[in-house]
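Colleague: Residue numbers (our numbering), protein chains in the order written: chain A, 1 to 310; chain B, 1 to 358.
Heads up, some of the hints might be wrong.
Said to hold, decoys possible - Some chain B residues well away from chain A (every beta-carbon gap over 10 Å; in silico):
no. : residue
1   : 67
2   : 260
3   : 293
4   : 352
To be verified - Only part of the chain A face toward chain B is listed, based on derived beta-carbon distances under 8 Å:
no. : residue
5   : 13
6   : 17
7   : 31
8   : 54
9   : 148
10  : 152
11  : 155
12  : 234
13  : 261
As the list claims (entries may be wrong) - Have a look at the derived ranges for each label pair, beta carbon to beta carbon:
no. : chain 1 : residue 1 : chain 2 : residue 2 : range
14  : A       : 137       : B       : 330       : 51 to 61 Å
15  : A       : 113       : B       : 345       : 43 to 53 Å
16  : A       : 135       : B       : 143       : 43 to 53 Å
17  : B       : 14        : A       : 110       : 43 to 53 Å
18  : A       : 46        : B       : 94        : 31 to 41 Å
19  : B       : 116       : A       : 135       : 26 to 36 Å
20  : B       : 319       : A       : 287       : 51 to 61 Å
21  : B       : 195       : A       : 137       : 54 to 64 Å
22  : B       : 94        : A       : 35        : 18 to 28 Å
23  : B       : 91        : A       : 24        : 26 to 36 Å
24  : B       : 143       : A       : 117       : 32 to 42 Å
Hints listed in this document are in silico derivations from the structure and should not be mistaken for laboratory results.
Yeah, the Cβ is synthetic: ideal placement off N, Cα and C, and Gly gets one too.
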Amino acid sequence: MRIVSRGDRLYRTGLTTLALLLPLLLFFIVSELVVGSLPAVKQFGLGFLTKSTWDPVAGQFGALPLIFGTIYSSLVAMVIAVPLALGAAIFLTEFAPRWLRTPVGTLIELLAGVPSVIYGLWGLFVLIPLQRDILWPILRPVLSWLPFFKGPFYGPSVLAGGTILAIMCLPYIAAVSREVLLAVPAPQREAALALGATRWEAVWTVVLPYGRAGIFGAIVLGLGRALGETMAVTMLIGNRHEISLSIVQPGYTIAAAVANEFAEAASSMHLSALVLAGLVLFVITVAVNACARWLIWRVARGSAVGSAAI
Amino acid sequence: MQRIIRAGLAGAAILAAAASLHAQETRITGAGATFPYPIYSKWVLEYTTIRPNIQINYASIGSGGGIRQFSDKTVDFGATDGPMNDSQITAAGGTVLHIPTVLGSVVPVYEVPGVTQQLKFTGDVLAAIFLGQITKWNDSRIAAANPGVNLPDQDIVVVHRSDGSGTTYIWTDYLSKVSPDWQRRVGKGTAVNWPVGLGGQGNPGVASTVRRTPGAVGYVELIYARQNHIPYGLVRNRAGNYVEATLASTAAAAASAEFSPDTDFRVSITDAPGADAYPIASFTWLLLRQNMTLEPNKARSLIEFAWWATHGGQRYANGLDYGVLPAPVVRIIEARLRSITNAGRPVLAANYGGGRGR
Chain A
1 MRIVSRGDRL
11 YRTGLTTLAL
21 LLPLLLFFIV
31 SELVVGSLPA
41 VKQFGLGFLT
51 KSTWDPVAGQ
61 FGALPLIFGT
71 IYSSLVAMVI
81 AVPLALGAAI
91 FLTEFAPRWL
101 RTPVGTLIEL
111 LAGVPSVIYG
121 LWGLFVLIPL
131 QRDILWPILR
141 PVLSWLPFFK
151 GPFYGPSVLA
161 GGTILAIMCL
171 PYIAAVSREV
181 LLAVPAPQRE
191 AALALGATRW
201 EAVWTVVLPY
211 GRAGIFGAIV
221 LGLGRALGET
231 MAVTMLIGNR
241 HEISLSIVQP
251 GYTIAAAVAN
261 EFAEAASSMH
271 LSALVLAGLV
281 LFVITVAVNA
291 CARWLIWRVA
301 RGSAVGSAAI
Chain B
1 MQRIIRAGLA
11 GAAILAAAAS
21 LHAQETRITG
31 AGATFPYPIY
41 SKWVLEYTTI
51 RPNIQINYAS
61 IGSGGGIRQF
71 SDKTVDFGAT
81 DGPMNDSQIT
91 AAGGTVLHIP
101 TVLGSVVPVY
111 EVPGVTQQLK
121 FTGDVLAAIF
131 LGQITKWNDS
141 RIAAANPGVN
151 LPDQDIVVVH
161 RSDGSGTTYI
171 WTDYLSKVSP
181 DWQRRVGKGT
191 AVNWPVGLGG
201 QGNPGVASTV
211 RRTPGAVGYV
221 ELIYARQNHI
231 PYGLVRNRAG
241 NYVEATLAST
251 AAAAASAEFS
261 PDTDFRVSIT
271 DAPGADAYPI
281 ASFTWLLLRQ
291 NMTLEPNKAR
301 SLIEFAWWAT
311 HGGQRYANGL
321 DYGVLPAPVV
331 RIIEARLRSI
341 TNAGRPVLAA
351 NYGGGRGR
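All chains should be modelled from the sequences, with the hints used to inform the complete structure.
Modeller: In structure tokens:
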């Protein structure tokens, strides 16, 4: 029999209240989004997701370029960030000399602390001139026949936005992957090496598959940041309502569009369309996270490490 | 314990005294356009030295936000670069007065490698560029307006505003007037469906994107072009002269526009007829209710501030690169301000303005 003191009860009630506040907050956010977007839903229906014209003067709002841009720029960011982050994590856990591990690890984690606007400024002053004036003239004769590199490169583009997103997501993916790889039991590594694998083969065939659930979780963490990132993207992506496979063309994301247009949206339909776009972004993010969790659960049934890291 | 109680009472007494001092101040809130924010903050600063009891707070959240908050009566006055349309006025509930405060101009800025002279543009050439119909700098239509200038065979990169703005409203209003094609395909507004081009955030965003992109052309407020030393072009006005945007040519645009005494000032002065008028100029407006329902002190302070801003406050305009209101416009503004009532009674005395507010 347990004597429940008043203090204990108060403590429990207090903590329960605090714990319930967070789902309640989420509920309020979602309900605000839904209520605010109802006029746009009534007016456009599913056409909002399939049409491409964003015309505030005529009152026509089609968010397909925004949705495409959000997903495409995040994809470009992942293609750039994942090899780099994984490579950094593998280097730090397998190959780096002990004295190098902490400094390099700390520097990578410092990247996460740089404000978004600073990244945007750096992108404007350094990254875009680098890509447009140095990289592109070299790569253009080789790559411009691919649909991903067609068209003139003005500077602000999906490539620039995706690159800065990659740099912003890199510390998250690298830090979590590093934890996951460190948690791989030494016997696994040693067994591979004992069977005659090279260090690279040991990592590639044994360590990475063992931690794949956790690494996948790390990638989704980075993807979540990429989907919602606003300031740096809007400074670098060109802000153009257009769908194009070419990453050297300008694009737009939902977060950037809402940030740009919300303050001066004069008509209530424009406002409602922006809120609806925000709701769509919320749904995309939740869907990506849910899919990832399900996949991780499936993958984690095979490998032990990583499901704890999520 | 007694010490705590005594300290608490003393603190409460001090707070009450401070609150009562504060209560003698009249607080006025306003929100809206970002373009006139520098001059409005200057006015608030200067007005506080004349009338120390009046505290005015202006939040520059954008014209759209200003109109919305003014409609919802969250703020006492609004400010906008683009006039309210009829449905917005109906939604605001009651007659809304647009009071012009200062003038601004929008200029075409460009970054053409090898060109150091000031380029000349005609209205239809600007419209064609922004429609994506003219794609190279050495196009014959641009060359025709710029004889003797060595225009390179460079792609034109159009840069527009990604955020809604009064600057866009002025620019698209002008293009709609000079190009039926633009009027049909795009129209005018604070945010439009741009046929081509990159979007920059704010005047600084457009200016910096133009500066850093070879072959770019964009539009910014004159102030930004001047303060950041960006080359901007001359535009041909309705009279056929290529005019540079200056405070004088901006004022000429307002002076040459015709205003009837019962105008509601929701007029655009782009493409003005005067010989020296700069064609892409515009007012920026304060929004006031014709029939206010504020506390009498506040109502009087607000309208007196508006009076001062359009009279004595104009002396600060040129220094901040804004155009001053021409005298005929100020006379009409006086009539409008005198017609404002609060709770049924006129706010200003019938002979208000005889020598005051200078």
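Colleague: With reference to the structure, classify each hint as holding or not holding.
Modeller: Hints, verified against the model:
1. 67: About 6 Å separates residue 67 of chain B from the closest Cβ of chain A, which leaves it inside 10 Å; violated.
2. 260: Non-interface label on residue 260 of chain B holds, nearest chain A Cβ at 27 Å vs cutoff 10 Å.
3. 293: With a cut-off of 10 Å, residue 293 of chain B remains clear of chain A, as the shortest Cβ separation is near 24 Å.
4. 352: Label holds. Min Cβ-Cβ 33 Å, cutoff 10 Å.
5. 13: Check failed: Cβ of residue 13 of chain A comes no nearer than 28 Å to chain B, outside 8 Å.
6. 17: violated, 29 Å
7. 31: Hint violated; residue 31 of chain A Cβ to chain B Cβ min 21 Å, cut 8 Å.
8. 54: Holds, about 6 Å.
9. 148: violated, 19 Å
10. 152: holds, 6 Å
11. 155: Since the shortest Cβ distance to chain B is 5 Å, the answer is holds.
12. 234: Holds - the Cβ of residue 234 of chain A comes within 8 Å of chain B, reaching about 6 Å at its closest.
13. 261: holds, 6 Å
14. A:137 with B:330: 51 to 61 Å: Since residue 137 of chain A and residue 330 of chain B have Cβ atoms about 57 Å apart, the given range 51 to 61 Å holds.
15. A:113 with B:345: 43 to 53 Å: Cβ of residue 113 of chain A to Cβ of residue 345 of chain B: about 59 Å, so the range 43 to 53 Å is violated.
16. A:135 with B:143: 43 to 53 Å: For residue 135 of chain A and residue 143 of chain B the Cβ distance comes to about 33 Å; the hint is violated.
17. B:14 with A:110: 43 to 53 Å: holds, 46 Å
18. A:46 with B:94: 31 to 41 Å: holds, 39 Å
19. B:116 with A:135: 26 to 36 Å: holds, 29 Å
20. B:319 with A:287: 51 to 61 Å: holds, 55 Å
21. B:195 with A:137: 54 to 64 Å: violated, 28 Å
22. B:94 with A:35: 18 to 28 Å: Roughly 27 Å apart at Cβ, these two residues keep to the hinted range, so it holds.
23. B:91 with A:24: 26 to 36 Å: holds, 33 Å
24. B:143 with A:117: 32 to 42 Å: Holds, since residue 143 of chain B and residue 117 of chain A (Cβ atoms, about 41 Å apart) stay within the stated range.
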